[in-house]
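Asks: As they're listed, the protein sequences go chains A and B. In case it helps, our numbering puts the first sequence at residues 1 to 282. In case it helps, our numbering puts the second sequence at residues 1 to 430.
Among the clues, some could well be false.
Below, a list of computed lysine-lysine pairs in the DSSO-like style, where the Cα atoms sit at most 27 Å apart [claimed, not checked]:
#1 B/K409 to A/K114
#2 B/K288 to A/K114
#3 B/K255 to A/K52
#4 B/K389 to A/K52
#5 B/K411 to A/K52
#6 A/K114 to B/K44
Output of the computed footprint for chain B on chain A, the stretches with three or more beta carbons under 8 Å from beta carbons of chain B [to be verified]:
#7 27-40
#8 114-128
#9 136-144
Derived from the structure by calculation, the hints contain no laboratory data. Beta carbons are placed, not taken as given, at the ideal position from N, Cα and C, and that holds for glycine.
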Amino acid sequence: MFLLPWLAGFFLLTLGPTLASLVLSFTNFDLIQAPRWVGTANYERIATADAKFWRSMWVTFLYVIMSVPLKLAFALGVAMMLNRGIQGLPLYRALFYLPSLLGASVAIAVLWRKLFAGDGLLNQFLAMFGFEGPSWVSNPDYALYTLVVLSIWQFGSPMIIFLAGLRQIPQDMYEAASLDGASPLRQFVKITLPLLTPVIFFNAIVQTIDAFKAFTPAFIISEGTGGPVDSTLFYTLYLYQEAFGYLRMGYASALAWVLVVIVAVFTAFSFLTSRYWVHYDD
Amino acid sequence: MSGPTLTRRSLLAAGTGAIALAAGGVPAMAQATKKVRMYWWGSKERADRTIKANSLYTAKNPSITIEGETLGWGDYWPRMATQAAGRNLPDVIQMDYRYIFEYARRGALLPLDEFVPKTLAISDFGKAATDCGRVDGKLYGINLGMNSSTVLYMRDVFAQAGVKAPNHQMSWKEFAAASAELTKAAKRDGFYGTQDGGGVEPAFEGWLRTRGKELYNGDDKLGFTAEDAGEWFAMWDEMRKSKACVPADVQALDKLSPDSSMIVLNKAAVCFAHSNQLVAYQVLTKDKLGMSMYPNIGPGSKLGHYLKPSMLWSIAATTKNAEDAAKIVNFYVAEAEGAKAIGVERGVPASAAMRAAISSDLDELGKMMVDYISFVSDKVGALPPPPPKGAGEIAFLLKRINEEVGFNKTKVADSGKAFVTEAQSILARG
Chain A
1 MFLLPWLAGF
11 FLLTLGPTLA
21 SLVLSFTNFD
31 LIQAPRWVGT
41 ANYERIATAD
51 AKFWRSMWVT
61 FLYVIMSVPL
71 KLAFALGVAM
81 MLNRGIQGLP
91 LYRALFYLPS
101 LLGASVAIAV
111 LWRKLFAGDG
121 LLNQFLAMFG
131 FEGPSWVSNP
141 DYALYTLVVL
151 SIWQFGSPMI
161 IFLAGLRQIP
171 QDMYEAASLD
181 GASPLRQFVK
191 ITLPLLTPVI
201 FFNAIVQTID
211 AFKAFTPAFI
221 ISEGTGGPVD
231 STLFYTLYLY
241 QEAFGYLRMG
251 YASALAWVLV
261 VIVAVFTAFS
271 FLTSRYWVHY
281 DD
Chain B
1 MSGPTLTRRS
11 LLAAGTGAIA
21 LAAGGVPAMA
31 QATKKVRMYW
41 WGSKERADRT
51 IKANSLYTAK
61 NPSITIEGET
71 LGWGDYWPRM
81 ATQAAGRNLP
91 DVIQMDYRYI
101 FEYARRGALL
111 PLDEFVPKTL
121 AISDFGKAAT
131 DCGRVDGKLY
141 GINLGMNSST
151 VLYMRDVFAQ
161 AGVKAPNHQM
171 SWKEFAAASA
181 ELTKAAKRDG
191 FYGTQDGGGV
201 EPAFEGWLRT
211 RGKELYNGDD
221 KLGFTAEDAG
231 EWFAMWDEMR
241 KSKACVPADV
251 QALDKLSPDS
261 SMIVLNKAAV
271 CFAHSNQLVA
281 YQVLTKDKLG
291 MSMYPNIGPG
301 SKLGHYLKPS
311 MLWSIAATTK
321 NAEDAAKIVN
331 FYVAEAEGAK
341 AIGVERGVPA
351 SAAMRAAISS
361 DLDELGKMMV
371 DYISFVSDKV
381 GALPPPPPKG
391 AGEIAFLLKR
401 INEEVGFNKT
411 KVADSGKAFV
421 TEAQSILARG
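Can you make the complete structure from the sequences, with help from the hints?
Replies: If you want it as structure tokens, here you go:
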């Protein structure tokens, strides 16, 4: 009874459109004329004749593979620093979380363009050491990396979760290890990492799914083009172009379902391998 | 990019009502008002002028309220398609020559022939300026302003450097040489003669037309060959190498909008644009801009320009106030008060009477634009056939292939073929 508003919302606003997009993925639909049934033609094109699909897949995989591990490592590093019982922890926690709140905004994308432009701050800094840097954001060889850096900078939410995880590790383990003469590095490898694996696993899954869905940074930095030379053409950006740029709603729906399957396979694979490296202390 | 904005009209209406009440005796609810929705893309400058025109109209026609919605070009068309799908199109729609065929043929627009000439007094437009709003013989769009492509350049920079400014008697070769010379002579850091125009569709089209070719043939086929395209990309590759134009990683900052253009970013002295965009560029740069026609391809060659409607007013097929919508359209294109309010920011009025009416009010920029249009009028060719479905995608493809050559991802020798092959597959897909 009290679930009714939520249920209505779920069926009308989530499940309904989801099913509709599944049906639309078997049609040609330009929003203006009625959808026309084309069977599996959209999926066949994706699999066989769409160079941009593979290009955007490649860009997205590169982004996921680079940004997720680096972001997690960075978040863990900061979490461990904050876990040393420093004063004013809530303040630092909030400050470090701030970029995650700002990251997807237009202002930050503009800032990023200024930072990494040919005459930007980064190159002015490099110039002090005699290096002449390229225009990072507008060069196809580097543009994607600026987005990876942007993603790492938003390390707030995994950091908070790591911090909570670190708190769970009993202090007496470290004390015992210190008495036995274990170095800090050894303590980290033998105690912190193994006991933290469930948290790492959780963060990795969440961040991977997030990275697959990343859209805003590339959209704002390239203003929706995925340029230069399609070097920031994320999968979601390509999907958006097909849907709202060229009004191929049917094809875009098919692309969306392919992404769902890929993310599902990725997640299932992670769960299957997790039994070999994730330690639950039960 | 601004979100949808309400006009000040609704506030104004409330204010008028309050004054009427305060004055006493006048029943505030005397008239039921009819609401007309208007939708346009463009800059803040355009929004200001449009809202002013609308309030002038509603001041004279108190039974009408006009509710305006405006977006940037990129967001405009997705939203338009969504509204068309929901049978919820605004009554008065700013339309582009590229899209009018798609919307008219799908039955989304109202044929306007029955309103001419009684409600729409457009008989002095002339045949060419009227017919560009026709689809399959019926009138679906009313010309909002005449336009032509143009070369914008920084006047003083050329004058101070003593380099010949772009003009239509110059060949592209001479243009390239002059640009390279300016790069050396201009005393600005990281500053070049011209933008890299290899990815600019109107520039490519103008160049093709000097060679007697077209972008599209009208039967949904390309009007040029891989050799033509290859020569075009090679010409710009030469200019990149001779430092006549900006390097590829600078040109990539250009997102095809005035605010990210090479002139506004202070990277180059020349940009390729549409004549009505002069205002949008000039408000964003301190350098005084001049206008020129495109260069030619040698002595005696023809010029590639044509006059096109910068935009048109269309009326939705689903409108409930067709007559009022048509009257508002008429106010913009055939009544002096409306024409003066919008000026030449949307292009030069097609009506001779309106051109005369606004001429006394024009500022320097407005005069320059009107002079440019009259200057090109006797040098232009015919309006090309409307672009096929997929043309928008091909315009982005041109930019991408030019970038690929610039960043050494595609060899110049292969560029023409790569462009034509991919463009044909886009056309085949529709």
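Asks: Provide an ascending list of the numbers of those earlier hints which the structure does not satisfy.
Replies: none
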